[in-house]
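Once you have looked at the hints, place chain B on chain A.
The residues making up each chain are set out below.
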Amino acid sequence: MKRIKQKAADRLLGICFLSPSLIGVSIFFILPFFVVIYYSVTEGVGYREFVWLENYSKLFQNSAFQLAARNTATFSLSAVPLAVILSLALAVMLEKHIPGQSFFRTTFLSPMMVPVVSIVLVWQIVFNYNGTLNETASLFGLDKTDWLSSPYCQVVIVALFLWKNLGYNMILFMAGLSNIPKEILEAASVDGASESYQFFHIKLRYLSSTILFVTVLSLISSFKIFREVYLLTGDYPYEGLYTLQHFMNNTFRSLDYQKLCSAAVIMAIVIVAIIAVLFRLEEHYGKDLDG
Amino acid sequence: MKKPRTFGKWAMVLIAAAFAVYFLLPTALTVTNSFMTESEINANYGAVFSVTSGGYISDTVHLKFIPEKVTMQQYFTGLIRSPDYLVKFWNSMLYVVPIVVFQLVVASTASYSFMRWQGRIRKGIFFLYIILMLMPYQVTLVPNYLVSKWFGILNTRKAIILPGVFAPFSVFLLTRFMRRIPYELIEAAKLDGANEWQIFTKIVLPQCTGPLVSVAILVFIDYWNMVEQPLILLSDSEMYPLSVFLSYINSTEVGIAFAMATVYMIPPLLLFLWGEEYLVEGIASSGSVKG
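Protein sequences, first through last, are from chains A and B.
Counted the way numbering that gives the first Met the number 0 counts, the first sequence spans residues 0 to 290.
Counted the way numbering that gives the first Met the number 0 counts, the second sequence spans residues 0 to 290.
It should be emphasised that the hints constitute simulated quantities derived from the structure, not laboratory data.
Source: prediction; values computed, not measured.
Ideal Cβ positions, reconstructed from N, Cα and C, are used throughout, including at glycine.
There may be inaccurate statements among the hints.
[What the hints assert, rightly or not] Here are the simulated lysine to any residue pairs, SDA-like style, with alpha carbons at most 20 angstroms apart: (1) 4(A) / 189(B); (2) 223(A) / 133(B); (3) 148(B) / 253(A); (4) 202(A) / 284(A).
[Unchecked claim] Rough simulated footprint, nothing fancy, chain A against chain B, three-plus residues with beta-carbon under 8 angstroms: (5) 140-154; (6) 260-269; (7) 272-285.
For reference, chain A alone in the conformation it holds in the complex (with noise of 0.2 angstroms):
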């Protein structure tokens, strides 16, 4: 009987260690999303009519959103796997113990602390139509461009975005690779096993966890880069860089909640879906490793 009471008031304690978290973040995101959901099949003002998928179909034709979802999944797709096999690259050249790793290390990093501003700045003066590229380019007889309002626009910001994320990924890797158990590298090593094979074949298995994390944080990042994009060609800018960012930061203003919220639910899902894709890869290729 005492030790059934006990248990109870240790269940009590639990979720009174936990409440405040969870209660905050019920009323702040979980909550509210129910009420997003309600929104972006409902219409009408003060009393909400239930139009189902209605919202949806809008905002699927709308041109806006078409070009802000377009947009954003040809960036995340090209800057992501970049992002991952670069700092992937990185990490391996660090944990190779070349002289001067630490100060590297130290480098590769401190882009995280750099305001957005400073960088925002910079890459004006770099890509601008009168920017150092260009003068660099006209040296050569080539023509000018104007770097943010071409084809080549979403290259400018991948290069933004590796700047900025790389280090994080790396630090990421660099903690992967030294947890791969140092016997399997040196047993392959006295059979014979090439540099190269024990990359591919022991520390690439090894490492599937990580890729994974990598994969999902860079993807994440790859929607954050609206603030960059924001503030080097403000709200409405050449049409290959209107993110999905954009088209909500814009929404707001107007305030129109179906819309809004259908976008943010389709995100969410998108984004969960995603996620599950990546965790299945993830147990397929790493699950003899896991036991």
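Just chain B now, with coordinates in the frame of chain A:
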């Protein structure tokens, strides 16, 4: 056999050095150019930015690192002549410090609960936190906005601070750290008659000072550079943190923007230099979504 290996090593140093230049250049440019005179800045970058004041403007841009004459003019103008920047700097503090402090309090109790009691419901809640942590602002800002509107706190500090306090990222990270604490420590304390609160404050928290510092640094940096939340949740630009406000000075007063960006970099940079090991440890242990 020895020769190619050292050659490879130096090739790697070279590549790492190239990346180091890439990562450091924007920061270096910001800092050095903040010591230039206004006329030198205008002459150098007048072709890129719409500089209003007179004086000589070169029609080509000159990317320069070393000022002709070192001066504190920009700092003087930014910090002493106009109180705006100081006010916005103070605004940033007023947002970030409460967020960091309260997020740590809320998250550490929640993490303790996740570590001590692991039922099925709790696992579900933890998974929900991970999903929430991975949601981009495009999704979470919509519920945040709705709640702030209902509570009538839109365009007040609370609209930024409250959702920040309950952000689930630090719960995730701290739980992962706490699960590494040897279970025997807790068992022993329990046998000695300690209650949960005592175990939490006397055993678990002291074991977690390092992780708490890592989380604090990560959260600080994240909110110090926030852009999206103020843009959406605040309509009065007087309340903007410097991270957003800096972008408004971009085009007309580039020199001041450089100087203020440098000032703004100081707090996170100091934190970084002081706690780089904590930061790296913090990032490293966020490394995998799985327990």
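Hints, one by one, checked against the model:
1. Distance check on the hinted pair: residue 4(A) and residue 189(B) sit about 17 angstroms apart at the alpha-carbon level, within 20 angstroms; holds.
2. For a cut-off of 20 angstroms, the pair hint linking residue 223(A) to residue 133(B) stands: about 12 angstroms separates their Cα positions.
3. Pair hint residue 148(B) plus residue 253(A) holds up; C-alpha atoms about 15 angstroms apart against a cutoff of 20 angstroms.
4. Annotation: proposed proximity of residue 202(A) to residue 284(A) holds, straight-line Cα distance about 13 angstroms (limit 20 angstroms).
5. Given a C-beta distance limit of less than 8 angstroms, the hint that chain A covers the region 140-154 of chain B holds, as 7 residues qualify and 3 suffice.
6. Only residues whose beta carbon comes within less than 8 angstroms of a beta carbon in chain A count, and the region 260-269 of chain B has 6; three or more means the coverage holds.
7. Check on the region 272-285 of chain B: 7 of its residues sit with their Cβ under 8 angstroms from a Cβ of chain A, so the three-residue criterion for coverage holds.
Checked against the numbered hints given earlier, this structure breaks none of them.
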